[in-house]
Every structure is written in structure tokens, then in C-alpha cells.
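2 protein chains.
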Amino acid sequence: MIVVNGEIAGTIPVLDRGLMYGDGVFRTMRVRDGKIETWQRQYNKLAADCSSLDILCPDRAALEREIAQAIAHEPDCVLKIIVSRGEGGRGYGVPSSVVPSRVVLTSPIPEYPSQYWHEGVRLHMCEIRMCHQPRLAGIKHLNRLENVLARMEWADPDIPEGLMLDVDGNVVEGTMSNIFLRRGNRLLTPDLHLCGVAGLTRDRIMEQAGELGLELEITQFPLRTLLEADEVIVCNSVVGIWPVRSIGPKSWTPGELAPALRRRMEASLV
Amino acid sequence: MIVVNGEIAGTIPVLDRGLMYGDGVFRTMRVRDGKIETWQRQYNKLAADCSSLDILCPDRAALEREIAQAIAHEPDCVLKIIVSRGEGGRGYGVPSSVVPSRVVLTSPIPEYPSQYWHEGVRLHMCEIRMCHQPRLAGIKHLNRLENVLARMEWADPDIPEGLMLDVDGNVVEGTMSNIFLRRGNRLLTPDLHLCGVAGLTRDRIMEQAGELGLELEITQFPLRTLLEADEVIVCNSVVGIWPVRSIGPKSWTPGELAPALRRRMEASLV
Chain A
0 MIVVNGEIAG
10 TIPVLDRGLM
20 YGDGVFRTMR
30 VRDGKIETWQ
40 RQYNKLAADC
50 SSLDILCPDR
60 AALEREIAQA
70 IAHEPDCVLK
80 IIVSRGEGGR
90 GYGVPSSVVP
100 SRVVLTSPIP
110 EYPSQYWHEG
120 VRLHMCEIRM
130 CHQPRLAGIK
140 HLNRLENVLA
150 RMEWADPDIP
160 EGLMLDVDGN
170 VVEGTMSNIF
180 LRRGNRLLTP
190 DLHLCGVAGL
200 TRDRIMEQAG
210 ELGLELEITQ
220 FPLRTLLEAD
230 EVIVCNSVVG
240 IWPVRSIGPK
250 SWTPGELAPA
260 LRRRMEASLV
Chain B
0 MIVVNGEIAG
10 TIPVLDRGLM
20 YGDGVFRTMR
30 VRDGKIETWQ
40 RQYNKLAADC
50 SSLDILCPDR
60 AALEREIAQA
70 IAHEPDCVLK
80 IIVSRGEGGR
90 GYGVPSSVVP
100 SRVVLTSPIP
110 EYPSQYWHEG
120 VRLHMCEIRM
130 CHQPRLAGIK
140 HLNRLENVLA
150 RMEWADPDIP
160 EGLMLDVDGN
170 VVEGTMSNIF
180 LRRGNRLLTP
190 DLHLCGVAGL
200 TRDRIMEQAG
210 ELGLELEITQ
220 FPLRTLLEAD
230 EVIVCNSVVG
240 IWPVRSIGPK
250 SWTPGELAPA
260 LRRRMEASLV
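Chain order of the listed sequences is A and B.
Quick note: the first sequence uses numbering that gives the first Met the number 0, first residue 0, plus one each step.
Quick note: the second sequence uses numbering that gives the first Met the number 0, first residue 0, plus one each step.
Warning: the hint list may mix true and false statements.
[Claimed, not checked] Okay, the calculated bits of chain A under chain B, using three or more residues with CB under 8 Å as the criterion:
| # | segment |
| --- | --- |
| 1 | 133-143 |
| 2 | 184-192 |
| 3 | 210-219 |
| 4 | 239-247 |
[Unchecked claim] Quick look at which bits of chain B chain A covers, simulated, 3 or more residues with Cβ under 8 Å:
| # | segment |
| --- | --- |
| 5 | 35-47 |
| 6 | 111-125 |
| 7 | 140-150 |
| 8 | 164-175 |
To be clear, the hints were calculated from the coordinates, so they are not data collected in a lab.
The beta carbon of each residue, even a glycine, is placed where N, CA and C say it ideally should be.
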């Protein structure tokens, strides 16, 4: 089901700046039994991303009505919300009258093999490097060509995710996930002030580090540091947490990190 | 008039990857007396950009039919062609069945004061810096948030364009134009292998340099070099060539470069 600005519709205007320039933001989340997981926090993230691009975030109650419409017959699905700056303008200039567009759409829960959660996943090592744009870093915006090109690098159906480095060779994230490593009692995740998307599941994992006796470090680190880790995980709001089983020739045996985090996060679901 | 995949329509599917990810390319061109200026070269550029992103470029004859439909009642207009990778896919992955989407749309010729062509334009000095992504550099793709944010930096209606630098402080382009400087008998334009859009009018100007007795250099250079120029021009397929009258406190008296290039390019119109 697709709801565009409150109406059931499969299309948007061609002049929408979302199409013209990728001038908008989005969020992807999991709906379970008709409820959006961590909805309040998802909305806060959406509002923060809109604010970063100076887009007026749609009213929460209005969005909730449209979501209810979209998920009415799909209590278990993936929900995507797109907010674009709206329609029109001469070239890149934004007309003063612009009104943001809202798109709410559902899709089936992707069917991944259950061993991905227990035995871990293989990651493709992406060749494309993410560029440093501090003005856009962290934001889940609609300019996603780097991710598309990264995802086009491999076709092996047994590899669900790829690892992306930045132009300096530092680890950033997966094409659709954030990444953490554990080394001893340290939990490291890349600093995303220069590139990458700061996902909500990443936030939630960071909050649990202390509870698990892990020392959190948000920092830049090269691929070598990742390959020397005791455990590696990737995460997003749709799949939750996957342990990483291998990156190229390097392999790991999944340990306690993913299940321990899952238990804590389930207990803290908002 | 808007023609989408051969049909007169104002909308595109929400699931089009152009909206979802900015996964596509575009071109903007001038239609005069029902003819597209330098159409063959515009099509070649479109095909090259599609190829860079591994998008199958629409057949030229099919596009021409759709353009004829779009401009039938608008013999003098701006024409924009968008080609996206098409619809769908689970996340960033591209379905093997994907068929590129074609959008052809017209808009009125923007009304700029005629002195912009003769007395020159003022440029805003943009604060946002363009990031280095060699994989996307040069391509007129749909990921244009940097340009949008740059254009949002100023509201003065007497300033039609902004100058963009890259993360290293080198000159790249205008938000919607390419840039050249003349110093003595040298004609410089930024190397666009790390960022920027390699426009068609830029190509055409580069070809004329020799005829005007100018030595062309495609190179990286800092703002200082631009400010020390004898003449500066910006160009695109819609406005042609504008001399630059000022950038911040620095000002120029437009010389012979713009009119000389215009004369040569009019004589060589394909």
C-alpha cells in the first residue's frame, strides 16, 4: 500500500524535488502486529534529518494517520516514509511556497535465511569509496547513488550485505546497515561526521554498550582494525542485528555480542 | 508538457528508483523554433552518463518521438530529459528485470535581465564544499543535494548563480553552470575528475579555445587563481555564456571573451 500526501496513490508528481534532485529524506522501519517498532524515535530521527536539510517535517499526527491507512491490511511489513522538500522551483532554487511531500509505503518483510541471525552473514568488500560531505553525513537522505553502485558490485545471493570504506580507507558502514566491532571489552563503531547514515538501531546499540560491560568508542578506524576484531555485527531496523561471519578471506565464529544485544534491545523496545 | 514513458502524464511511480535513490541521470537543453540545440551531442552525453551508471540508455528515436510530443505546442522552451534506472528492487539491489524510465518535460525559458549577458552577473560565494567522488564526478546524475544546499545559501534576486569550491578549496563550478577563466592567452577550466558536472556547453567552449588563440588548460586551481583572472565566465545550455561581474568584493569589467565565444559557438551549432 502506498499513501501519498494522505491519498492512496502509486505515483508522485514528476516535478517533486525528491525525483528532480533527491531533495528529501527517508526512514525504513519494521511493523509488527500493526505497531511500528520504536516509532517515537523513528519520528524524532525523521524530524532531525528534515531539520538538517531545512525541510519542514510533517506533523506527527498527520503521518500517523497515513501510516495507519498504509498498514491497515499489513500488520507485519516493512514501512518506508519519504519526506521530500516538495514540488517545483526554477532549477535548484526553492520556491517560498514549497510544501513538503509525504510518502508512506509498505513492502513485505524480506525473506532472509534464518541462519543469518545465528551463524552470521558474509560481507562483500565494496570497491566504491564513500566521499566526505560533512554537510550531509549522518542524514538518511535521498541521494543514495553510492549505495546503489556499491550494491551493484556483487550478485552472489548468499551475500546479503557489503562493507563500505571511505576515501581514506576507514570503515563506514554496510550498504544498508551500520557496523560495530568488539575487541576485548571495547565496542567500536565508525564516527559518521564525514559520511554514512547514522541509523536508529546504531543509536540503540550504542546505548546498551555500558549495560553489557563494553566500553563504547565512536571513532575512525581502518579496515585492518575491523579484521582484527573478536566479533563484528551489522544492524538496521529491518533485520535487527546480524553477526558477520566473513569479509573476504577473514572469518569469525559468531559469539555472544549479537544475542546479548538483541536481548537487551527487546527489553527496551519503545 | 510532461511525457512519461511515452504517455502524457504529470506523475511517475513512487517506486521509481529516481525518487527512491536519485538513481538516474538528466539533461537540460534549449529548444528554439521547435529544434533542440545541439541535440546529437546532448543525446551522446545522456548515453555516456547512462553508461557510467550502467543504465541502459533509451533508444534515440523513441526519445525523439517523446520530445516531439512534449514540445509540439512549445517551440521555444527549456527541455529536461530524465532517465532513471527504473522501478523497484529490494532495497538498493537492482532487479534483473528493471526497465529504465524516461521523463521528458518542458518549462518556460527563464527570464533573466538582458544585462546578465552584456554586463555580467554577480556570483555568490557558496560555503558548502563539493565532496570528491570520482565514481560520480562529471555525471549529470540525480543526486543533487549539494547543489540544492548551495542554492539555498542566498536569496538576493540580483545574484543568479553561486560559485562552488571542493573540499580542498579548488574551484569546481557554479550551482547550475560550468566556469572558465582567462588569464592573458590562457583559458582555464576546472578538472572534473573528482567532482562537478561536465556540461555540454563546457565541451563546446573548450573546443573553441584554439580558434580564439587561447591555450586551454583543464586543471585544478584554487579560488585565488580565479580572483586573479582577467575575465571569468559561467556557462550552461540554457543561458549560454554569462560574463562574471563580481565574486564577493572582487569585480571585473566584462571583456571580449564571452562575445567572441558566443559568435564562434553560434557558427558551429549542430
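Legend entry - Violated hints - listed by number, lowest first: 2, 3, 4, 5 and 6
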